[in-house]
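Student: Here's the letter readout for the chains.
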Amino acid sequence: MSDHHAEAPARGEPDAAQGPAPAPGGAAVTPADAADAARLVAFGLQPKLLPARDAEYAELLRRYREEPAFGRLADAVATGLGLVVLEVSPRAGMAVAADEDSVFAVRMGDYARRTAADGGDRFLHGLAHLAVAALAFPRPEDLADDGYIGRITVNGVDSFVRQTCRRLEERAEELGENTDPASDAPGLEAAWRVYARRSATGATKDARRLAGSTTGIVGKAAAFLTESGFLQRTGDDSGGTYRTTPRYQLQVRDMAGSAAMAELLELGVVPVSDGSATLLPPPEGDDLELAADAGLPFHA
Amino acid sequence: MLSVSAPSLSVVTLPAPAKPLVSPAPGPAADEGLARRLRALACTAPLHDLDVRKANLAGEYGVYAMAEVALAAIDLVTLNMDFDTGADHEQIVARLLPRVAAQAPGRPAAEHERVARWVLENLINVGSVDRGFRAIYGTFGPDGVYVRRDYDFKLIEEVPGYGGAVYLRTTDEAVNVLVGALDTDVTSAQIAAEVKLEVLISRGRLADAQLAAEQARYRTVQYAETLRRTLDATRRNVRAVDWLEAVPDMIAEALEHVADRYRHENAILTNIRKARDEAEDLDNKRRAAELVDIVKDCIRRHTQLQSRLLDAGPLFRAEQDRQAFAAPAPRSGIDLYGQLIAPVLPLPLEQATRVTDAFFARGTGLRTPVSVRVADLVEILLTPPVEREHLGVEMPEPDLIATPDDSRFSEEQLAAAMVLLDLPHDAPRRLSGLLAEARRSDPELPYLVALLAVHAASPAVGTAYRQGEERLLFAVDDGTELDDPEFGGADLIVGTALLDAAAMTAARTEPS
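Chains as they are written, first to last, in my numbering: chain S, 1 to 300; chain X, 1 to 512.
Pulled out of the complex, with its shape left as it was, chain X reads as follows (with noise of 0.2 Å):
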């Protein structure tokens, strides 16, 4: 009923704002939440800029959903960031490959890769200095007076990782965008979401516990991401924070964390793998499959973010030996952060630039001033390159020597035991006569093909499946007993099976 009336409110509301022009600003309070929402749709603008800007492209791209695609990138970045670093740029884009080649199969394959970097690139917003994204948006401020403000925002940032390479994260922005939990509390919605998933996995929807599952991995993402951050903090103040009691609580308190979410989610994979096995219905069992695979890995992450908690400790009794018990200094120095980095931060550009400049031209050493002779000059100028030496010195013979061959079975053996084997579908025989016809030609041979025999007893049907074979080699036993001079046992039956290679790669594709 509100919802209905709502609108016809706005409707009755739109005029208004003509005939009381007196008070034209609204205040800062009923501004702020604007201010916010704004910057909420900002986010989102270019997720439908990339469809905007699509027809800018050279070719015809308008069959590809670029906001789509920028969407699945966000996901894949989320949920392939690890705690350390983040996610691997190409990985990404090969990730992506999928779902782009799904919109226009047509294509070749090159261009679907361009869009896939296309987006990603337009989410990192390469182009830019900043690399980020500015909305600009307007409010009012205390005095009434209407200021225009620019609100800078990144999706995708890059980040530094092992090794000089660049690794990709999301922000919490697209974070948000993407899950659309603004503002939420993330211990209680990760509560929330998992209390959920149980309900749903006890009463058997599995479908919509797949979802929940998917969100719950978000939230723990989202999670680690948070206590990195308060753990960044509290590693760094050995003397600020402190020590006796608040670190230790605040450790204690995220092990506990970790500790019930391990069982909570140890919990419920033991459901999930219950379902899993009892399922009837294939789909249900695939779900419930999938749904392993994402507890295992909310279980995994909580695993990595214990181990980054048990290491804090040592590091602080570390730097505490470091800093604490050490004899004072005869004298007093500045304290570079307090004193100056921590008051010039919030300074405006400005002022703040006037005390970075001091610092500058005091702190970077001297140089001196280079003075050319032209005499100098013109002989440096003259001077022919050295030549460099590309080649290195050379490589030394490698000195080889012949492992002899120990097979049991020579090559000639093998093949004149596939021919042997080489049987018509519709003609199996005795594993008795092929011994016997083997015997005849090579008194070696009938071993080989009583191996091959037996390993036929258990065909490798899965392995055939997969390579698209055509036909396959099986014995079976039917009871008879084997009569033979050197080997016992069963009378097999071996026979060649064929296999309708045609109709297994339609059934392979379909699928996925």
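Bound-form chain S, shown alone (with noise of 0.2 Å):
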């Protein structure tokens, strides 16, 4: 504990921090610091627990804010954990994410059984996600703004991706292009076949969603991300309704838009970022009223 207490300190802002830590508590950082600190951590790993609901919670968010000296401690605690913090705040609460390789991140092979034998599924499973959240925040300005909280249902994000794999099939096919697969080469297949291809929804014995249908797939993206806190179940239309939580939008906008991001630019995939005026379709899903009955996700 004394290591933390001499430690934590010195990696921040030393002087700025020894300054006024003693004034409030009277004294250096204590073992009862740590525990309120790890404590703040734990509360923090219960992502769908709000801080306004949570006396206790409240409070240590409070002495994270407003005693330098403890929050460093909370986010050293969290660093150990293997936990990036993204934001403190009474509205996200202590919004913590897994760093890849930390014991509480989610693996793909945990997440969907068929994925690891099928790369067509690991990449639909994927892709459900992206989509989600792009449907959520369907505009630059959405996911910058911490006011705006998004709507999305499920087969709204379904319909969607179909709709941008359909054009793409539109313009392959002006252009002339043949883009059936070569038969031992199934990885040079373009991505929105692979979409395209899987049927949307299907009937099941047991008249509940087919896993491997699109719509199975985001479904299962949209109840597990309600699970990780990130989204909250609405109502029951259009194969399941959500609005998102401010975590959510931390969580896209720090942690997996960048990513995703950098990944693409190492592909040499320079995608064109000139500001609103020419968005390509960002509020899509205004589609979904037409497409059965998807809903729109921004009138509902």
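Since the hints were made in silico from the structure, they are not lab data.
Hints are supplied without guarantee of correctness; some may be wrong.
Said to hold, decoys possible - Stretch-level coverage of chain S by chain X, calculated; a stretch enters the list once three of its residues show a Cβ under 8 Å from a Cβ in chain X:
| hint | stretch |
| --- | --- |
| 1 | 93-106 |
| 2 | 193-202 |
| 3 | 225-234 |
To be verified - Pairwise CB distance ranges (calculated):
| hint | chain 1 | residue 1 | chain 2 | residue 2 | range |
| --- | --- | --- | --- | --- | --- |
| 4 | S | ALA117 | X | GLU60 | 34 to 42 Å |
| 5 | X | GLY144 | S | GLY176 | 13 to 21 Å |
| 6 | S | ALA117 | X | MET395 | 52 to 60 Å |
| 7 | X | ALA252 | S | ASP206 | 46 to 54 Å |
| 8 | X | LEU57 | S | ALA223 | 37 to 45 Å |
| 9 | X | GLU253 | S | LYS205 | 42 to 50 Å |
| 10 | X | THR463 | S | ALA211 | 48 to 56 Å |
| 11 | S | ALA223 | X | ARG117 | 26 to 34 Å |
| 12 | S | GLY235 | X | SER307 | 19 to 27 Å |
No residue lacks a Cβ here, since even glycine has one placed at the ideal position from N, Cα and C.
Relying on the hints, combine the two individually framed chains into one complex.
Tutor: Below you can see the structure in the form of structure tokens.
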């Protein structure tokens, strides 16, 4: 414990921290403080817990914001556990994200079993998460605006991706390309084709969603994100309607979006980002009323 | 002449490839047309396949023409899929049954249903994970290398509908196979079909008109589908789409088209109605009546389309308000669609998976690993399951109030009147006599008898016919005046007519 106490302030801003820290607490960091800091991180690990609903949580958040020494201590505990602190605020709580090799990280193989054997399934599950985020925050402004709450429906996400794939198909047809992949090189198949040829839904014996269908995959993503405290289920229409939480916005903005972007750049693909005027259809999802009962994400 | 010379030419050219081995690849341009035809050919394969595979079914299914049932199923789904959702699975099966039953009338109904379901499920291809079909074909690339390619297609696809239900839609491939109009312009094809119909009707050739009208309806469905997709795309892009000109133009154009079609089809409707009413030949009359139904259906579909088009404007304005007139955000975010999804989808699967994996790893949140203590585990395993309370709260005894019987006549009176009116078919009676007889037993009874007699003046022949009844009460006015202290009017002749129930049943089943 004393190690932490000695090290944590030293790493951050030693002078500024040592100064005010003794003033409220009256002394240097104690084991009790360390326990409190760990407790705050533990609260952060329960993403569905709202600070407004728990007095102790709210109190620890207040301490984090008002006592820099305590704040650094909590950060250190989080870092030691393999967590990244995204934001600490009354609206998001102690928002922490798992580092890539942390014990808290979610692995694709645990997420869906088929993904190990089938490259197509692996892609579809990843794409589903990307598409949920894209529909939840259709414009860059929405992702940047802290007050924005996105709304999605499972069927809406599916028909959105399907529509995009269809456009790519039309474009390939216009160019006269033959997009049918070579039989012996499935990895070279264009990604959109994998989505386009998977059926959107299917009847099952027990009236549940067909797990392998695209709505099944998107539904799984939405349900999983709900468990992560990123989405809240608001209704059953259109395969399930959800709204976003502040944590999801942080996670997508600060972690996932940039990670995916970095990977894309590494592949040599430089996405055009000339601001807002020529934005391609981010507010996508308004088509959904027409395709089955997908529902509009913004007017629901 | 040309068609005669063509095969002989091909006979000459057939051995030719053996000699000039120098240029084995005909080039990508020639191959493209071949590839397109190969794909078109592949779309019909599942239908042929049904007839091949029926031998593998447990039981004797050789009598059923599976390809015919399959084409009928595609027809039914195409005609029944609405603008919003699609066709209902059970409904399609139910409508297929008469055809299947007609193919093997002697077999049990359960087997007919099994065949219908089998065909429908095979058209969806329930067994595969994609629920689609794959055909493999080969082409020469630009560099002369022969490549085998996979062609994936669906004939009937399942789409989500209201309340989580699953509906069926036919795909473009299926519609093309069915209508046989590959690569045709939908608009012009529709106009052509309708002009043809008008001409046919004006010349009175209704049999052909029926066929043309059905084709026109296929076109209408196809057209609605195309428009739905265009509309999908435009309703989405508030900022990318030119709201000043392009979108209103597009909507105006579509509305004009609907109005045009509506006028057109109403004109056709009036013409066919005239044809229907004037037609002498019974067969023509029936055909015209069916035609009226088809055109009405077309009009209904156009009306539906129109209401969709009218909704688009307000939706655009609401989106415009939300997006364009908000205060600018202090920082910038990533354009998830434009900068991630759009560039990722055209990538090869291998590369795209790297990007989605990166997003997945960082974007799914965290899970706290479970750590179990043996002591807890034992306790959990030994805890008896909580008994569920299956029955809810006790139902309150409903408080019933007897309503007073306010009928004018009692059951006994009705029975007495029916006995009185149960006349032998060869001996009709005057109403005056019946009334007098009724009055002798009960002063109220004549009112009931008079009522029944007046009803019999216009007997429900149609109902009796449909229900297969054997006798029918009728009353005829021969001009004699009724001489009665209580009633006035005509002294009706009341009698019973015998209906030939057996012949009626035969006549009923014959036409259908």
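Student: Going through the earlier hints one by one, which of them does the structure break, listed in rising order?
Tutor: Violated: none.
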